[in-house]
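Q: Use the sequences and the hints to build the structure in full.
Letter by letter, the chains look like this.
There are 2 protein chains.
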Amino acid sequence: MNKPDIRICFFGDSYVQGTGDDECLGWAGRLCASARRAGYNITYYNLGVRRETSTDIARRWLAECEPRLLPATENYVVFSFGANDLSLVDGQQRVSESETLANLRALLDSATNRYRTLVVGPPPAADDDHNARLARLSERMRDVAIRLGVPYVATLPALVDDRIWLDEVRDNDGAHPRAAGYARLAKVVAASGAWWFGKQ
Amino acid sequence: MNKPDIRICFFGDSYVQGTGDDECLGWAGRLCASARRAGYNITYYNLGVRRETSTDIARRWLAECEPRLLPATENYVVFSFGANDLSLVDGQQRVSESETLANLRALLDSATNRYRTLVVGPPPAADDDHNARLARLSERMRDVAIRLGVPYVATLPALVDDRIWLDEVRDNDGAHPRAAGYARLAKVVAASGAWWFGKQ
Numbered sequence: 001m002n003k004p005d006i007r008i009c010f011f012g013d014s015y016v017q018g019t020g021d022d023e024c025l026g027w028a029g030r031l032c033a034s035a036r037r038a039g040y041n042i043t044y045y046n047l048g049v050r051r052e053t054s055t056d057i058a059r060r061w062l063a064e065c066e067p068r069l070l071p072a073t074e075n076y077v078v079f080s081f082g083a084n085d086l087s088l089v090d091g092q093q094r095v096s097e098s099e100t101l102a103n104l105r106a107l108l109d110s111a112t113n114r115y116r117t118l119v120v121g122p123p124p125a126a127d128d129d130h131n132a133r134l135a136r137l138s139e140r141m142r143d144v145a146i147r148l149g150v151p152y153v154a155t156l157p158a159l160v161d162d163r164i165w166l167d168e169v170r171d172n173d174g175a176h177p178r179a180a181g182y183a184r185l186a187k188v189v190a191a192s193g194a195w196w197f198g199k200q
Numbered sequence: 001m002n003k004p005d006i007r008i009c010f011f012g013d014s015y016v017q018g019t020g021d022d023e024c025l026g027w028a029g030r031l032c033a034s035a036r037r038a039g040y041n042i043t044y045y046n047l048g049v050r051r052e053t054s055t056d057i058a059r060r061w062l063a064e065c066e067p068r069l070l071p072a073t074e075n076y077v078v079f080s081f082g083a084n085d086l087s088l089v090d091g092q093q094r095v096s097e098s099e100t101l102a103n104l105r106a107l108l109d110s111a112t113n114r115y116r117t118l119v120v121g122p123p124p125a126a127d128d129d130h131n132a133r134l135a136r137l138s139e140r141m142r143d144v145a146i147r148l149g150v151p152y153v154a155t156l157p158a159l160v161d162d163r164i165w166l167d168e169v170r171d172n173d174g175a176h177p178r179a180a181g182y183a184r185l186a187k188v189v190a191a192s193g194a195w196w197f198g199k200q
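Line order of the protein sequences matches chains A and B. The opening position of the first sequence corresponds to residue 1 in the working numbering, with each subsequent residue numbered one higher. The opening position of the second sequence corresponds to residue 1 in the working numbering, with each subsequent residue numbered one higher.
Wrong hints could be hidden among the right ones.
Quick list of in silico lysine to aspartate or glutamate cross-link-like pairs, DMTMM-like style, CA-CA up to 25 Å [to be verified]:
| no. | chain 1 | residue 1 | chain 2 | residue 2 |
| --- | --- | --- | --- | --- |
| 1 | B | Lys3 | A | Asp5 |
| 2 | A | Lys3 | B | Asp173 |
| 3 | B | Lys3 | A | Asp173 |
| 4 | B | Lys187 | B | Asp127 |
| 5 | B | Lys3 | B | Glu74 |
| 6 | A | Lys187 | A | Glu66 |
| 7 | B | Lys187 | B | Asp143 |
| 8 | A | Lys187 | A | Asp173 |
| 9 | A | Lys187 | A | Asp90 |
| 10 | B | Lys199 | A | Asp173 |
| 11 | B | Lys3 | A | Asp171 |
| 12 | A | Lys199 | B | Asp173 |
| 13 | B | Lys187 | B | Glu139 |
| 14 | A | Lys187 | B | Asp22 |
| 15 | B | Lys187 | B | Asp128 |
| 16 | B | Lys199 | A | Asp22 |
Calculated from the structure, these hints are not laboratory results.
A: Here you go:
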C-alpha cells in the first residue's frame, strides 16, 4: 500500500525560518526530518520569513500554499508568529494585540476550511520585559485558536527557563538560538501531542 | 566589523525542494549549511516546489522574492529546473524547448537587474531517453544563461554516470535520490567555481 503523500507548509517569522541555525533546519526542518525517519512520506516547505508580523503573513500565506498544497495530496499548515508583532519601531508597537488576534482569527478561519492546521506560539528571547508581554500575547493567541478548534502549542513556558535555549540566544543575537536551541524547540512541539507525525 | 547580511532564494522544482531526502536539506540546504559553517552569515530560503515547470516558476518567483530579499540585505537568487518541462502528460511535452528557453531568458533578464543570479542545470534521472533529451535542453539553457552573462552549472554530465546518485535514484522513485545523492549534487555545484560561498 502506498503511504499518504503528505505536504506541509510552515508559515511564520525568523524562528520558523531557523535564523541562527548553522544546520539550516530550524525547528520545522528537525520535526520533518524526524517524521521522515519515522516513515512518514512528508514534503517539507519552510515559508518562514525574517522580520514578518502576522499582518505580513496574512498577506502572502494563501498565494504560497496554492502551488505547494495540491488537491491530490494530504495537506497541512503550521503558523507561528508573534514576536515581531510586539516589537517597537520608533516607539510604536508594529502590530497591536487586537490586530494580531484578528489576523490569527482570519488566517485560521480560512486555513481550517482547506488544510489540517496547527498554531505554534512564539518562543522567548533574552529579554524579561519582552517575554512578559509575549507570554500574555501567546495566551490570547491560544484562546483564539482553541475557540476555533485549532490546536495551539505554547512554547514560551517550556523555554523561558531552559538553559540550552537561553544560553544560545544570549550568545547569538539576543533573540535567536543556534542548532541546539532549535532542537529543544522542536522537542517541545513534538512532545505536545498536537504534532501529527510522531513515532509510528 | 559586521559580516554582510546575505539572503538567498532557491527557486525550482522537486530537486531544489530536496524530495526524497530524509535529512530535509536537499542540495540547496547542504550548500547553505556548509557556507554558514565556513563563516558566511547566510539566510536560506528554499522555494523549490514539486512538479513545477519553468512556466510555473516564472509566475511566482518575483512575488516570493519580495518579502525575503530586502533593500538593506545582500541578495542572491538561484534557479534550477528543466526535468518537468520535458515530462509528458497525455503524450504531450509539458513545456516546449522554445518556451523553456524563453522563460529562462525572461527570468534572468528580470533577476539580474535586482540580484546576483546563478542557474543550476537539471540533474539526470534513471532513464536514458529522458537523460538524452535533458542533456540537450541543459546545453541550450547554458547558452541562454552565458549569453546573458549569468553563470550556469551543468549537473547532468557530472552525475549521469555517478554510482551514488544513480543507485539512490533507482532505489527510490526513479527520479530523486536520497541524502547521499543530494550531497553529491551539492558538491558538483560547490566545485563549479560559480557558487559564491566557498571556504573563506
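Q: Now, for every hint given, state plainly whether the structure supports it.
A: Going down the list of hints, with the structure as the test:
The suggested pairing of Lys3 of chain B with Asp5 of chain A is violated, with an alpha-carbon distance near 41 Å, which exceeds 25 Å. Proximity of Lys3 of chain A to Asp173 of chain B is assessed by CA-CA distance (about 13 Å); at most 25 Å being required, the pair is judged to hold. With a C-alpha separation of about 13 Å, the suggested pairing of Lys3 of chain B with Asp173 of chain A holds against the 25 Å cut-off. Annotation: proposed proximity of Lys187 of chain B to Asp127 of chain B holds, straight-line Cα distance about 23 Å (limit 25 Å).
For the suggested pair Lys3 of chain B and Glu74 of chain B, the alpha carbons sit about 11 Å apart, so the restraint of at most 25 Å is met. With a C-alpha separation of about 29 Å, the suggested pair Lys187 of chain A and Glu66 of chain A falls outside the 25 Å cut-off, and the hint is violated. In summary, the hint linking Lys187 of chain B to Asp143 of chain B is supported, as the alpha carbons are separated by about 23 Å, within the 25 Å threshold. Distance check on the hinted pair: Lys187 of chain A and Asp173 of chain A sit about 22 Å apart at the alpha-carbon level, within 25 Å; holds.
Distance hint between Lys187 of chain A and Asp90 of chain A is unfulfilled; the C-alpha atoms sit about 36 Å from each other, more than 25 Å. A C-alpha spacing of about 24 Å is found between Lys199 of chain B and Asp173 of chain A, which places the hinted pair at or below 25 Å, so the restraint holds. Proximity of Lys3 of chain B to Asp171 of chain A is assessed by CA-CA distance (about 17 Å); at most 25 Å being required, the pair is judged to hold. Proximity of Lys199 of chain A to Asp173 of chain B is assessed by CA-CA distance (about 24 Å); at most 25 Å being required, the pair is judged to hold.
Taking the CA atoms of Lys187 of chain B and Glu139 of chain B, the gap is about 20 Å. The hint holds against a cut of 25 Å. With a C-alpha separation of about 18 Å, the suggested pairing of Lys187 of chain A with Asp22 of chain B holds against the 25 Å cut-off. In summary, the hint linking Lys187 of chain B to Asp128 of chain B is supported, as the alpha carbons are separated by about 23 Å, within the 25 Å threshold. Taking the CA atoms of Lys199 of chain B and Asp22 of chain A, the gap is near 15 Å; set against the 25 Å cutoff, the hint holds.
Checked against the numbered hints above, the structure violates hints 1, 6 and 9; every other hint is satisfied.
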